[in-house]
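Letter by letter, the chains look like this.
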Amino acid sequence: MKFLLIDDSEIELYVTSRLLDNAGLSSSVQTFLEAKDALSHLHTIKMEDHNLPDVILLDIHMPTMSGFDFLDNYIQSLGEVLSERISIIILSSTADQKDFEKAARYEVVKGVFDKPLDTIRLKSLLEEINS
Amino acid sequence: MKPSESKPKILYVDDEPHNITGLRAILRKEYEVIGCMSVKEAYVLLAEQEFQIIVADLKLGEDDGVDFLDDIRLKYPRPVKILLTAFFDFEAAVKGINKAKIFSYLFKPLNEDEVLSTIRIAYEHYQNNTLLEFRKDELEKAHEELNRFVYSASHDMRAPLRSIMGIIKVAEMEGIDERVQHYFSLIERSVNQLDAFNVNLISYFKNSKQETVIEPIDFKEIARDIFEQFQYYPGAESINFIINTNQNTPWMGDLFRIKIIFNNLITNAIKFQRNEIANKHIIFTCDTKGPDKAVLTFEDNGIGIDEENQKRIFEMFYRATRENSGSGIGLYIVKEAINKIGALIRIESKPNMGTKFILEIPSKLNIEA
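Taken in order, these protein sequences are the chains called A and B.
Numbering-wise, the first sequence is residues 1 to 131 according to this note's numbering.
Numbering-wise, the second sequence is residues 1001 to 1369 according to this note's numbering.
The reader is advised that the hints may include incorrect statements.
Claimed, not checked - Pairs of lysine-lysine, DSSO-like flavour, derived with a Cα cap of 30 Å:
| hint | chain 1 | residue 1 | chain 2 | residue 2 |
| --- | --- | --- | --- | --- |
| 1 | A | K102 | B | K1220 |
| 2 | A | K98 | B | K1209 |
| 3 | A | K102 | B | K1364 |
| 4 | B | K1220 | B | K1340 |
| 5 | B | K1364 | A | K98 |
| 6 | A | K98 | A | K123 |
| 7 | B | K1335 | B | K1293 |
| 8 | B | K1259 | A | K123 |
| 9 | B | K1141 | B | K1075 |
| 10 | B | K1220 | A | K110 |
| 11 | B | K1356 | B | K1206 |
| 12 | A | K46 | A | K2 |
| 13 | A | K102 | B | K1335 |
| 14 | B | K1259 | A | K98 |
| 15 | B | K1335 | A | K98 |
| 16 | A | K98 | B | K1141 |
| 17 | B | K1293 | A | K98 |
| 18 | A | K98 | A | K36 |
| 19 | B | K1335 | B | K1206 |
| 20 | B | K1259 | A | K102 |
| 21 | A | K102 | B | K1206 |
| 22 | B | K1209 | B | K1364 |
| 23 | A | K102 | B | K1209 |
| 24 | B | K1095 | B | K1108 |
| 25 | B | K1220 | A | K123 |
| 26 | A | K98 | B | K1340 |
What the hints assert, rightly or not - Simulated DEER-style distance windows between Cβ atoms:
| hint | chain 1 | residue 1 | chain 2 | residue 2 | range |
| --- | --- | --- | --- | --- | --- |
| 27 | A | S131 | B | D1292 | 40 to 48 Å |
| 28 | A | R85 | B | A1142 | 49 to 57 Å |
| 29 | A | Q97 | B | A1153 | 13 to 21 Å |
| 30 | A | S40 | B | N1275 | 47 to 55 Å |
| 31 | A | T44 | B | E1138 | 53 to 61 Å |
| 32 | B | R1148 | A | S124 | 35 to 43 Å |
| 33 | A | H41 | B | E1360 | 54 to 62 Å |
What the hints contain is simulated information worked out from the structure, not anything from laboratory work.
All C-beta atoms in this analysis are idealised placements derived from N, C-alpha and C, irrespective of residue type, glycine included.
Using the sequences plus the hints, can you model the full thing?
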């Protein structure tokens, strides 16, 4: 499965990549430190199905473009093309339960996870989504 | 408000113009005296400018000085009030002190030294009060800032803590030698402890800040959600969670605080199990006694709490056992939340038998949020 990770912390990107890799969940992992770069990348490849990620793991609290900003932009500009194709999953260490509740209200968001990523839970969630 | 630096202003109400001239002459060096001859004019002046001292004659034509001072007391609480009188009127004195909250008396004919010292003391009194108010505001602000600081610091600490957890997880997955593995598991335990403390701090400050929002409550659902949330908690996999409720009436309450209470009581029940026994369980029951009261119980067959410790478990930072990670803030937060929603809690427990918390929560069905 192809993953795209968006997080403003390099450590987090590394850790999550390793966790996915070790759990045997990912065939490829692409990482972005800025949500807006991820967004423009998705714009570029939106018509190339073989290049599209299957799952986006998205952090919430990031400078300039937050996870929520990303979601709003994504839904507006790419939602029609990609919302069925890509599962977005929130991965955040927020201490505010309200952030998770807010994120879960987005239809494109298929799950919310506290850090560090629980790969066993993620695996069963992805199986559920793809069945 | 900051104590004023300019010349203090005195409002002087007297129906004899020469008295006004006289008082102004005595006080002109240090004070600005604004005179008027009727209560009606005085109201207009009070609405226009701020006075530090108000001096009123007892006899004001048809009006009464005490009644006037009493009348303006609530609207203008800060100026210090002085009553001026030609002779000692016992009744007026009693009424003046008890009702109009007069600070001092002045007698006619005006004696310069007496006037100066009375006004000076009155102004000092005004300044002290103002300063006190000012300091109180400052203190409240500092307290608020401190709260916010602790709150945001705990928030910011969480991300790096979770990051450490992630790195440990990766290291454990990728295989390290046994001794290092052991060190990592120790680090993990400490980080978890710090993280739990942090989360507790956050909920403590939220509890003290958050306004009460009354929402429909489904106790069974709350308990189920929290059980689910903690099923991956270390040690939780061997615990049998049992929910036994008969909530059949709609029920309203402060969902936020009820969740805080559930969360802490349930995590404690998970944490303080006896590792050696096989049939570990946590039983949650809920009985809504009519529409206005719910009785909830959280029961485990864990390590229990002896009688001596039962009295102290709700104290801040009190820990009844060394055996588990914890900072002793969880039940303190429970107690705070319980106080806020007007609930009652009691405990039944025996060491090595288990613990049962019994909670009575009043419904907020008829109370406007």
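Next on the checklist: Hint by hint, where does the structure go against what was stated? Just the numbers, ascending.
Outcome noted: When the structure is compared with the hints, none of them turns out to be violated.
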